[in-house]
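2 protein chains.
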Amino acid sequence: MTYFPDTADFQKLSDHKRKMEDFSLRTALEGPGRFEKYSHSLENMVFDFSKHLITDETQDLLLSLAHSMDIEDIRDKMFAGEKINITENRAVLHTALRAPRSSSIMVDGENVIPFIYDVLDQMRSFSESVRSGHHKGYTGQSITDIVHIGIGGSDLGPRFVVDSLVDFCSGPALHFVSNVDGHDISSTLKKLSPETTLFIIASKTFATEETMLNAEVAKRWLLQSAPLGSISKHFVALSTNEEAVLRFGILKENMFPFRDWVGGRYSLWSAIGLSIALAVGFEHFRALLDGAHAMDQHFKTAPFDQNIPVLMAMIGIWYINFWGYTAHLLLPYDARLGKIAKFAQQMDMESNGKAVDRDGNIVDYATGPVIFGEPGTDSQHSFMQLVHQSPTPIPADFLIVKKPSHDLKENHNSLIANFLAQTRALAIGQTLDEAGSDISRVFTGNRPTTSIILPELTPFYLGMLIAAYEHKVFVQGVIWNLNSFDQPGVELGKKLAKPLKENIISQKIDPSLDGSTKGLLKTLIG
Amino acid sequence: MTYFPDTADFQKLSDHKRKMEDFSLRTALEGPGRFEKYSHSLENMVFDFSKHLITDETQDLLLSLAHSMDIEDIRDKMFAGEKINITENRAVLHTALRAPRSSSIMVDGENVIPFIYDVLDQMRSFSESVRSGHHKGYTGQSITDIVHIGIGGSDLGPRFVVDSLVDFCSGPALHFVSNVDGHDISSTLKKLSPETTLFIIASKTFATEETMLNAEVAKRWLLQSAPLGSISKHFVALSTNEEAVLRFGILKENMFPFRDWVGGRYSLWSAIGLSIALAVGFEHFRALLDGAHAMDQHFKTAPFDQNIPVLMAMIGIWYINFWGYTAHLLLPYDARLGKIAKFAQQMDMESNGKAVDRDGNIVDYATGPVIFGEPGTDSQHSFMQLVHQSPTPIPADFLIVKKPSHDLKENHNSLIANFLAQTRALAIGQTLDEAGSDISRVFTGNRPTTSIILPELTPFYLGMLIAAYEHKVFVQGVIWNLNSFDQPGVELGKKLAKPLKENIISQKIDPSLDGSTKGLLKTLIG
Chain A
0 MTYFPDTADF QKLSDHKRKM EDFSLRTALE GPGRFEKYSH SLENMVFDFS KHLITDETQD
60 LLLSLAHSMD IEDIRDKMFA GEKINITENR AVLHTALRAP RSSSIMVDGE NVIPFIYDVL
120 DQMRSFSESV RSGHHKGYTG QSITDIVHIG IGGSDLGPRF VVDSLVDFCS GPALHFVSNV
180 DGHDISSTLK KLSPETTLFI IASKTFATEE TMLNAEVAKR WLLQSAPLGS ISKHFVALST
240 NEEAVLRFGI LKENMFPFRD WVGGRYSLWS AIGLSIALAV GFEHFRALLD GAHAMDQHFK
300 TAPFDQNIPV LMAMIGIWYI NFWGYTAHLL LPYDARLGKI AKFAQQMDME SNGKAVDRDG
360 NIVDYATGPV IFGEPGTDSQ HSFMQLVHQS PTPIPADFLI VKKPSHDLKE NHNSLIANFL
420 AQTRALAIGQ TLDEAGSDIS RVFTGNRPTT SIILPELTPF YLGMLIAAYE HKVFVQGVIW
480 NLNSFDQPGV ELGKKLAKPL KENIISQKID PSLDGSTKGL LKTLIG
Chain B
0 MTYFPDTADF QKLSDHKRKM EDFSLRTALE GPGRFEKYSH SLENMVFDFS KHLITDETQD
60 LLLSLAHSMD IEDIRDKMFA GEKINITENR AVLHTALRAP RSSSIMVDGE NVIPFIYDVL
120 DQMRSFSESV RSGHHKGYTG QSITDIVHIG IGGSDLGPRF VVDSLVDFCS GPALHFVSNV
180 DGHDISSTLK KLSPETTLFI IASKTFATEE TMLNAEVAKR WLLQSAPLGS ISKHFVALST
240 NEEAVLRFGI LKENMFPFRD WVGGRYSLWS AIGLSIALAV GFEHFRALLD GAHAMDQHFK
300 TAPFDQNIPV LMAMIGIWYI NFWGYTAHLL LPYDARLGKI AKFAQQMDME SNGKAVDRDG
360 NIVDYATGPV IFGEPGTDSQ HSFMQLVHQS PTPIPADFLI VKKPSHDLKE NHNSLIANFL
420 AQTRALAIGQ TLDEAGSDIS RVFTGNRPTT SIILPELTPF YLGMLIAAYE HKVFVQGVIW
480 NLNSFDQPGV ELGKKLAKPL KENIISQKID PSLDGSTKGL LKTLIG
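Chains as they are written, first to last, in numbering that gives the first Met the number 0: chain A, 0 to 525; chain B, 0 to 525.
If you're looking for bench data, these hints aren't it; they were derived computationally from the structure.
Honestly, I wouldn't trust all of these hints.
No copy labels: a pair is met if it fits in one copy or bridges any two.
Below, a list of computed lysine to aspartate or glutamate pairs in the EDC-like style, where the Cα atoms sit at most 20 angstroms apart [to be verified]:
| no. | residue 1 | residue 2 |
| --- | --- | --- |
| 1 | K190 | D144 |
| 2 | K76 | D356 |
| 3 | K497 | E409 |
| 4 | K338 | D162 |
Given the structure is predicted, the values throughout are model-derived calculations rather than measurements.
Let the hints inform the model, and build the full structure from the sequences given.
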């Protein structure tokens with residue numbers, strides 16, 4: 000693969016960046032037509048890139064770089080089911096999960112679409128049975144509470160979607176347990192009754208330490224009052240490992256499978272999304288898939304200069320690799336989207352937080368950014384001070400929903416005003432003159448933001464939004480020549496935890512451990 | 000003030016850093032006595048700095064720099080009530096809020112301790128009255144739910160503390176509303192009954208736009224069913240502005256005052272902490288203050304080489320200004336401490352996210368870091384991939400509680416093992432040999448962490464922990480010669496939001512606005 004700093008485009012962008020150091024966003028925004036040129040609309044969802052440190056030349060160079068790094072080719076390979084996850088020798092097919100029933104996508108000689116739709120049909124039928132009250136617990140009562148037990152990719156997606164779609168939640172109450180810290184599950188179970196609680200155990204391998212420990216706690220809790228046979232009524236599994244699921248006591252018909260070409264952080268679209276369907280109803284889960292599919296089609300077919308995920312990605316590359324801005328802020332001006340940064344952290348940082356490229360070389364350029372964020376306007380009274388004034392700018396995505404689900408007009412007007420005021424303040428700053436000669440109130444401005452407007456917070460638009468970020472991360476991974484689909488860091492932690500756990504259980508500290516670990520261990524078990 | 004890059008120590012540290020590029024944490028940790036030398040214990044709470052890229056020389060140079068920047072002098076001025084918040088001409092006295100009743104601290108000729116204890120007595124009496132059920136709503140029922148309405152400093156502190164002390168929560172259920180986004184308050188009110196709900200309106204000025212809009216929504220909601228006079232039974236104020244509080248309809252006896260020398264982000268120790276006292280009981284609130292006071296005493300008196308906040312701060316300076324590591328991760332291995340990063344973001348990024356020093360110079364060095372974090376082990380399955388392997392290391396604080404409040408032994412053992420495994424993996428990495436010659440599994444290691452062990456998650460230890468971070472941020476602000484106590488960025492946003500709100504209400508777009516803002520405005524109000 001091409002080493003991207005060696006491309007002619009990279010060199011041109013480096014030169015161009017030096018010229019752009021004098022670029023004034025304030026001046027550029029005064030000129031006509033900038034919004035019309037740099038904002039894009041898809042299904043009435045607006046992405047405005049006009050508050051970026053870019054000119055036509057910047058965009059041309061960035062898109063030329065994208066072309067020269069073969070984005071189209073690798074994108075098409077992903078959609079076609081080729082094994083682009085090279086370290087694990089797997090296809091990467093979350094896009095297939097939202098493809099229409101009439102599609103055909105081949106993996107190892109099998110069209111995977113019928114399998115996908117079989118599982119979707121199973122999910123529809125089960126979610127309707129639980130939501131209608133037809134599915135009963137061991138004392139014949141309907142389900143009032145669902146505990147989704149998973150971690151990482153088997154947790155963050157459903158958690159974020161259910162949280163965001165609070166206005167669509169009409170089924171049993173959803174609870175999420177992920178942490179191996181026993182406070183997580185113990186505080187959750189305290190509130191629930193075994194007779195009316197359904198547990199969803201979400202683990203691709205059905206061997207994830209945290210999830211299986213918590214599943215065992217849940218099982219013991221149920222069996223304190225319920226007979227052994229009740230496991231089949233109160234536990235379902237989302238997994239690829241049938242043998243382990245059956246061994247746990249879960250019926251085959253209550254296992255919702257998926258395949259190894261679904262990466263954890265792209266799994267909310269698969270059986271892992273069962274909790275979403277249970278919370279909001281299957282038709283809304285389908286709308287979520289349809290929204291993602293609309294973004295897939297756009298990403299696959301739109302020319303780069305109108306391709307929203309490509310533009311998001313390349314603007315990110317511009318800041319990370321040419322300006323040295325290595326953090327990225329996600330600011331939802333909507334309380335319902337409050338967990339988007341937590342969700343995107345996994346999607347982005349686990350995918351592109353790598354230092355070894357696909358050819359086995361240690362990279363010498365910056366890769367994935369640090370993602371963080373909390374809702375506006377809250378964050379205006381918190382960390383936004385740094386975003387406005389710190390020596391190193393932090394590019395940000397501002398998100399807002401045009402039509403709220405409440406009728407508090409004045410609150411919404413104030414929300415919009417603050418949303419606009421922040422991006423405007425970041426862009427234009429405040430001169431010494433405007434600050435009344437008080438230098439502590441001078442803001443340099445020139446701090447770049449993308450504004451994203453969702454017409455309404457529906458499953459469809461949420462699906463579009465998530466898929467846009469997925470493809471953004473994908474494009475950046477291609478530019479950096481990374482395998483965005485593995486996670487060796489997770490494995491290393493597991494490998495080192497195992498012997499330490501044995502030390503803790505046996506209360507015997509391995510003398511060959513490092514001094515700090517020995518000291519801490521002694522404190523913790525002493 | 001001294002420009003710190005001009006100090007001899009800065010130059011020595013720059014030279015020393017070049018030598019330290021060959022430092023191997025793996026090798027250093029194999030040597031004897033490192034844990035004993037670099038870990039510190041206070042009230043049985045352990046802070047282990049031995050997994051840092053430091054030697055005795057590093058520590059000596061960093062502490063020498065601290066001395067040469069007059070940390071002791073400015074620290075003593077802060078404790079003594081001098082007006083070190085120079086842009087606002089105010090004292091900075093959150094430490095006085097946790098001082099013993101017998102202390103004497105003078106501000107403008109007044110000993111502030113009697114005032115502080117009057118308010119504490121008022122808080123004790125009111126919280127006991129509500130918690131015992133003696134305080135009644137307008138239909139004669141006791142209070143079951145409390146809605147704390149505030150934002151930024153009037154929200155994040157109480158929210159974090161109440162969340163963390165979940166095991167001590169024995170009073171009415173606490174709900175927090177902060178965002179001006181109407182979904183925040185509307186979804187909260189949906190669950191409540193006006194007859195049994197108490198609203199706490201927390202705003203220093205009683206003019207914060209978000210808080211006052213939400214307070215008005217709450218008032219209208221109450222008055223839909225309750226008579227006008229019931230406001231006095233269902234609303235209390237935490238504020239410095241008596242006139243505005245009375246105008247709202249709140250009785251003077253239900254107003255809990257504080258003074259202008261309490262900064263928002265240090266206000267949980269003041270009347271703003273009333274919600275904490277209501278949730279956990281006054282005696283536990285007192286223990287929280289006592290814990291913070293214990294850390295204050297330590298910070299005031301311990302020599303720098305044993306001074307925990309000073310060491311935390313100077314190690315941070317080492318990475319930020321000499322290694323160029325500008326992000327900082329907070330990783331609580333305890334679900335109850337899950338919001339610590341959100342809380343610390345304000346404390347740190349609002350304090351030191353500045354680019355103008357106390358003498359009015361634009362700084363040319365890095366200042367406050369980007370703070371982020373989510374609980375471990377969750378984050379191991381999310382962004383930790385990047386923390387292990389990204390080209391730029393991210394220093395981290397790992398926190399764990401020795402004694403859990405549940406009895407799930409296996410979960411806790413696994414939690415400890417993972418906690419230790421992560422810091423060990425970050426420190427020692429994995430060589431190509433250890434990775435079975437798979438380069439994608441090579442970890443450079445040398446990634447620095449502090450480990451913090453709380454004996455138990457009690458109010459006292461939580462108070463110590465928060466105060467340690469407050470003083471860390473203070474010390475860093477002094478090194479960078481910043482005023483850590485103002486927040487001009489918040490003001491700029493407010494100033495620009497006002498005319499935009501008028502545009503929205505009148506549906507008339509000011510033609511002199513920038514093109515992007517006009518385009519977005521048209522989309523949002525169209």
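Checking K190 and D144: alpha-carbon separation at most 20 angstroms within a copy, between copies, both or neither?
-> Answer is both: 10 angstroms inside a copy and 17 angstroms across each meet the 20 angstroms cutoff.
Since the copies are identical, ignore which copy is meant and state whether K338 and D162 lie within 20 angstroms (CA to CA) inside a copy, between copies, both or neither.
-> Both: 8 angstroms inside a chain and 17 angstroms across chains, each within 20 angstroms.
Tell me, please, which holds for K497 and E409 at an alpha-carbon limit of 20 angstroms: within, between, both or neither?
-> Close across copies (13 angstroms), not inside one copy (55 angstroms); limit 20 angstroms.
Check K76 against D356 for me: Cα-Cα at most 20 angstroms, and say if that holds within a copy, between copies, both or neither.
-> For K76 and D356, the Cα distance is within 20 angstroms only inside one copy (18 angstroms; across copies 52 angstroms).
Checked against the numbered hints given earlier, this structure breaks none of them.
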